[in-house]
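Chemist: These are the residues of each chain, in order.
Protein chains: 2
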Amino acid sequence: MQTSPLAPKSYPTLKAIAGVRLGTAESGIRYAGRTDLLVAELAEGTTVAGVLTKSLTASASVLACRDSLISGKARLLVVNSGNSNAFTGKAGVNSVERIRAAASKLFNCDKKNIFTSSTGVIGEKLPDEKITSALPAIPLSETAWDEAARAIMTTDTYPKLATMTAQIEGTTVTINGIAKGSGMIAPDMATMLAYVFTDAKIPTGELQKILSEENESTFNSITVDGDTSTSDTLLLFATGKADNKNGDYSDFRRSLHILLHDLALQIVKDGEGAEKLITITAAGAESKKAAKNIAMSIANSPLVKTAIAASDANWGRIVMAVGKAGEKADRDKLSISIGGVSVAINGEADANYSESQIASHMQGRDIIINVDVGIGNESATVYTCDLTHRYIDINGSYRT
Amino acid sequence: MQTSPLAPKSYPTLKAIAGVRLGTAESGIRYAGRTDLLVAELAEGTTVAGVLTKSLTASASVLACRDSLISGKARLLVVNSGNSNAFTGKAGVNSVERIRAAASKLFNCDKKNIFTSSTGVIGEKLPDEKITSALPAIPLSETAWDEAARAIMTTDTYPKLATMTAQIEGTTVTINGIAKGSGMIAPDMATMLAYVFTDAKIPTGELQKILSEENESTFNSITVDGDTSTSDTLLLFATGKADNKNGDYSDFRRSLHILLHDLALQIVKDGEGAEKLITITAAGAESKKAAKNIAMSIANSPLVKTAIAASDANWGRIVMAVGKAGEKADRDKLSISIGGVSVAINGEADANYSESQIASHMQGRDIIINVDVGIGNESATVYTCDLTHRYIDINGSYRT
Numbered sequence: 034m035q036t037s038p039l040a041p042k043s044y045p046t047l048k049a050i051a052g053v054r055l056g057t058a059e060s061g062i063r064y065a066g067r068t069d070l071l072v073a074e075l076a077e078g079t080t081v082a083g084v085l086t087k088s089l090t091a092s093a094s095v096l097a098c099r100d101s102l103i104s105g106k107a108r109l110l111v112v113n114s115g116n117s118n119a120f121t122g123k124a125g126v127n128s129v130e131r132i133r134a135a136a137s138k139l140f141n142c143d144k145k146n147i148f149t150s151s152t153g154v155i156g157e158k159l160p161d162e163k164i165t166s167a168l169p170a171i172p173l174s175e176t177a178w179d180e181a182a183r184a185i186m187t188t189d190t191y192p193k194l195a196t197m198t199a200q201i202e203g204t205t206v207t208i209n210g211i212a213k214g215s216g217m218i219a220p221d222m223a224t225m226l227a228y229v230f231t232d233a234k235i236p237t238g239e240l241q242k243i244l245s246e247e248n249e250s251t252f253n254s255i256t257v258d259g260d261t262s263t264s265d266t267l268l269l270f271a272t273g274k275a276d277n278k279n280g281d282y283s284d285f286r287r288s289l290h291i292l293l294h295d296l297a298l299q300i301v302k303d304g305e306g307a308e309k310l311i312t313i314t315a316a317g318a319e320s321k322k323a324a325k326n327i328a329m330s331i332a333n334s335p336l337v338k339t340a341i342a343a344s345d346a347n348w349g350r351i352v353m354a355v356g357k358a359g360e361k362a363d364r365d366k367l368s369i370s371i372g373g374v375s376v377a378i379n380g381e382a383d384a385n386y387s388e389s390q391i392a393s394h395m396q397g398r399d400i401i402i403n404v405d406v407g408i409g410n411e412s413a414t415v416y417t418c419d420l421t422h423r424y425i426d427i428n429g430s431y432r433t
Numbered sequence: 034m035q036t037s038p039l040a041p042k043s044y045p046t047l048k049a050i051a052g053v054r055l056g057t058a059e060s061g062i063r064y065a066g067r068t069d070l071l072v073a074e075l076a077e078g079t080t081v082a083g084v085l086t087k088s089l090t091a092s093a094s095v096l097a098c099r100d101s102l103i104s105g106k107a108r109l110l111v112v113n114s115g116n117s118n119a120f121t122g123k124a125g126v127n128s129v130e131r132i133r134a135a136a137s138k139l140f141n142c143d144k145k146n147i148f149t150s151s152t153g154v155i156g157e158k159l160p161d162e163k164i165t166s167a168l169p170a171i172p173l174s175e176t177a178w179d180e181a182a183r184a185i186m187t188t189d190t191y192p193k194l195a196t197m198t199a200q201i202e203g204t205t206v207t208i209n210g211i212a213k214g215s216g217m218i219a220p221d222m223a224t225m226l227a228y229v230f231t232d233a234k235i236p237t238g239e240l241q242k243i244l245s246e247e248n249e250s251t252f253n254s255i256t257v258d259g260d261t262s263t264s265d266t267l268l269l270f271a272t273g274k275a276d277n278k279n280g281d282y283s284d285f286r287r288s289l290h291i292l293l294h295d296l297a298l299q300i301v302k303d304g305e306g307a308e309k310l311i312t313i314t315a316a317g318a319e320s321k322k323a324a325k326n327i328a329m330s331i332a333n334s335p336l337v338k339t340a341i342a343a344s345d346a347n348w349g350r351i352v353m354a355v356g357k358a359g360e361k362a363d364r365d366k367l368s369i370s371i372g373g374v375s376v377a378i379n380g381e382a383d384a385n386y387s388e389s390q391i392a393s394h395m396q397g398r399d400i401i402i403n404v405d406v407g408i409g410n411e412s413a414t415v416y417t418c419d420l421t422h423r424y425i426d427i428n429g430s431y432r433t
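If you read the sequences in order, they're chains A and B.
Under my numbering, the very last position in the first sequence is 433; numbers go up by exactly one each time.
Under my numbering, the very last position in the second sequence is 433; numbers go up by exactly one each time.
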């Protein structure tokens, strides 16, 4: 598959994180000639936080992760691509159990501290014996980040990696993250997966609070087609090896935010058929939630997305999307700008606006839409991509 | 534009309705060489009921109709195509006022009993003087139903008409309806409009109750792309000329339901780029509302719609759409059938199912999807169309 035109020009090199060892393998679940299995071994004492799909048809691994998060500790992560083990009933639950039982013996750790994820086709039984037989032979390394990011890819056209450092009470800690898309979407290869590792020492409760809040403005603010996966998983592992003092995590939070935001945008830019990144800010809303709903209504509108694919500044469709969001908006104060140019103001077309002013902006790769609904002071920004012929090609022909 | 492959093979001939006279004209608002203005004169005593868009950026005409419905009486309907008069601020409100003032003199009726609709481009000022200057010269006829249906079209590829009769307390009444799409959607030509006329004598309150309820399972159960117009309008006019006794309206209600259902499906079948009609029933839900939300979640999923466009029975995406609907569903009892063939049962792929069983169904024009979520006894059926390359062509190139 052709690499997304929005792919990064270069990939960052991720350094070792004390307490994390990575390994990958070709277990042969579905793909030939590429890795499809990732193992991350985590030092004793590693705390973990997670955000999981709210889908009511969540996969067996998501349900198991939900249980494991209660303990707040992690020793092992096992991820396979090619099969999502979703909608596989009791058989799927048993598969996860067998993987955890085998890994627990091999890595000498408690089953409940093992986190699994699966991404790929829905509704086919996971051949878990391929995973359990591959596990013993996987060599572990502190620096196999690129390999790790590649092993979890499905329809992604490039691996997604990011790294940051942060200060906690005078100690420098490192944060590494990998993710896969391609969207919330990815056909029946359903899943957004992201794993973040740090050597920071942060208690589980605090770690979960930080992750949940920063997730809201990053991964929870992107959309490709509004479809929600049965397997969406974001996990943050903190090995504690930096041995920092507990205290002020604000710099860690800032760095984590930048890293999550970076990974989230990499996923949108690899959205199926994406040719443009669209940044939508809704301001003047009654609440943050209302602002986000309005921005998401615009971001998920097929009419807005097809217009942008055609470089058409069709702001009437933005008006429509604001109207259908169901949140308070003052029609007579509604304003819209595209690429910084006012196109509509106080509920009417801006008399000074002509399409030629934003023609070159619309032709570009980065489209910026700002809306003010004239009610309050809250705002939210979300990110999406355009809806192109390639989306239909990918999703119509995927299984054939 | 090429006529939809789902267009009806023939159009019904609608008979006169006592108390209704129709006229059309070429007012030249936007289109050349075709009619764009419809007037329907209604006899004194005509009662009216209506259902209007819930969009918070509703057009000036919708706001005026909302006011006029309070009186419960109608004498005139004026509809233009080519310009929606939406997002036109105070100027738009003034346009509606000028049209009503001129029509009120011409037709010798109260302004508040005049209903207007506009459908077409959003955000451009309505040249209302073209309408008011065309009005005096329009010849009225009792049988110009086909002309009426054509005058209100925008991106529709065929006119939409339906007719029924019904019995009220021994008297036969007639119901005629016209509608336009093409979808809730129709690019910046936003609007679903439908007008229904009957000679039945039905008090306003009763008429509104019947219309609101029957709208829920007909027009409110269709979707093309989940986008909601700023101008959606459904009006039902009852002239009372049949002079039936008040009493049992159940047969009228049944006939009205069939007529509304017919018009609603005609709109879906003319959805932009539509090549297949998809009928989705969600059963086993906690409530009717939950059932409809689940069915709509499937109907609005771009992943489901692109798969069906490619004749791919990708039921994993149906599972995903059930999961994201946010309504109660028992993963371990979830069942799915396509074209009457069970593909998944009790939360797992059906062991007896093979894709060849439904290959010919998937190749057809009518796709039937049934889902049971295993919670309760309520069900709902919704209708949509597939998502094809032509949708992107139409919506990307519309204004250029």
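Some hints here could point you the wrong way.
One copy or two, it doesn't matter: identical chains are merged, so the pair holds either way.
As the list claims (entries may be wrong) - No more than 30 Å apart at the CA atoms, straight line, and that leaves these computed lysine-lysine pairs for DSBU-like:
| id | residue 1 | residue 2 |
| --- | --- | --- |
| 1 | LYS274 | LYS158 |
| 2 | LYS144 | LYS366 |
| 3 | LYS321 | LYS163 |
| 4 | LYS158 | LYS361 |
| 5 | LYS145 | LYS106 |
| 6 | LYS87 | LYS322 |
| 7 | LYS87 | LYS321 |
| 8 | LYS42 | LYS274 |
| 9 | LYS278 | LYS163 |
| 10 | LYS48 | LYS322 |
| 11 | LYS87 | LYS361 |
| 12 | LYS361 | LYS321 |
| 13 | LYS123 | LYS48 |
| 14 | LYS361 | LYS145 |
| 15 | LYS366 | LYS145 |
In short, the hints are calculated from the structure, not lab data.
Quick caveat: nothing in here was measured; it's all calculated off a predicted structure.
Chemist: State for each hint whether it applies.
Modeler: These are the hints, each one checked on the structure:
Taking CA atoms no more than 30 Å apart as the test, LYS274 paired with LYS158 passes in neither setting, with 38 Å inside one copy and 66 Å between copies. Proximity of LYS144 to LYS366 under the C-alpha cut-off of 30 Å is restricted to the inter-copy arrangement: shortest distance 28 Å between copies versus 57 Å within a copy. Taking the closest pair of Cα atoms, LYS321 and LYS163 never come within 30 Å of each other, the shortest separation being 46 Å inside a single copy and 44 Å across copies. When the C-alpha separation of LYS158 and LYS361 is checked against a cutoff of 30 Å, the pair qualifies only between copies, where the shortest distance is 25 Å, while the shortest distance within a copy is 46 Å.
Within a single copy, LYS145 and LYS106 get their C-alpha atoms as close as 9 Å, which meets the 30 Å cut-off; across copies the closest is 69 Å, which misses it. For the identical chains of this complex, LYS87 and LYS322 are neighbours both inside a copy (17 Å) and across copies (20 Å), given an alpha-carbon limit of 30 Å. For a Cα distance limit of 30 Å, the shortest separation of LYS87 from LYS321 qualifies both inside one copy, at 20 Å, and across copies, at 22 Å. Within a single copy, LYS42 and LYS274 get their C-alpha atoms no closer than 33 Å, and across copies no closer than 74 Å, so neither meets the 30 Å cut-off.
Proximity of LYS278 and LYS163 under a CA criterion of 30 Å is satisfied in neither setting, with 42 Å inside one chain copy and 76 Å between copies. Taking CA atoms no more than 30 Å apart as the test, LYS48 paired with LYS322 passes in neither setting, with 37 Å inside one copy and 52 Å between copies. Taking the shortest alpha-carbon separations for LYS87 and LYS361, both the intra-copy value of 26 Å and the inter-copy value of 12 Å come in at or below 30 Å. Proximity of LYS361 and LYS321 under a CA criterion of 30 Å is satisfied in both settings, with 12 Å inside one chain copy and 27 Å between copies.
For a Cα distance limit of 30 Å, the shortest separation of LYS123 from LYS48 qualifies neither inside one copy, at 40 Å, nor across copies, at 61 Å. Taking the shortest Cα distances, LYS361 and LYS145 sit within 30 Å of each other only across copies (28 Å), while inside one copy they are farther apart (45 Å). In this assembly of identical chains, LYS366 and LYS145 lie within 30 Å of each other by CA distance solely across copies; the values are 27 Å between and 54 Å within a copy.
Going through the hint list in order, the structure does not satisfy hints 1, 3, 8, 9, 10 and 13.
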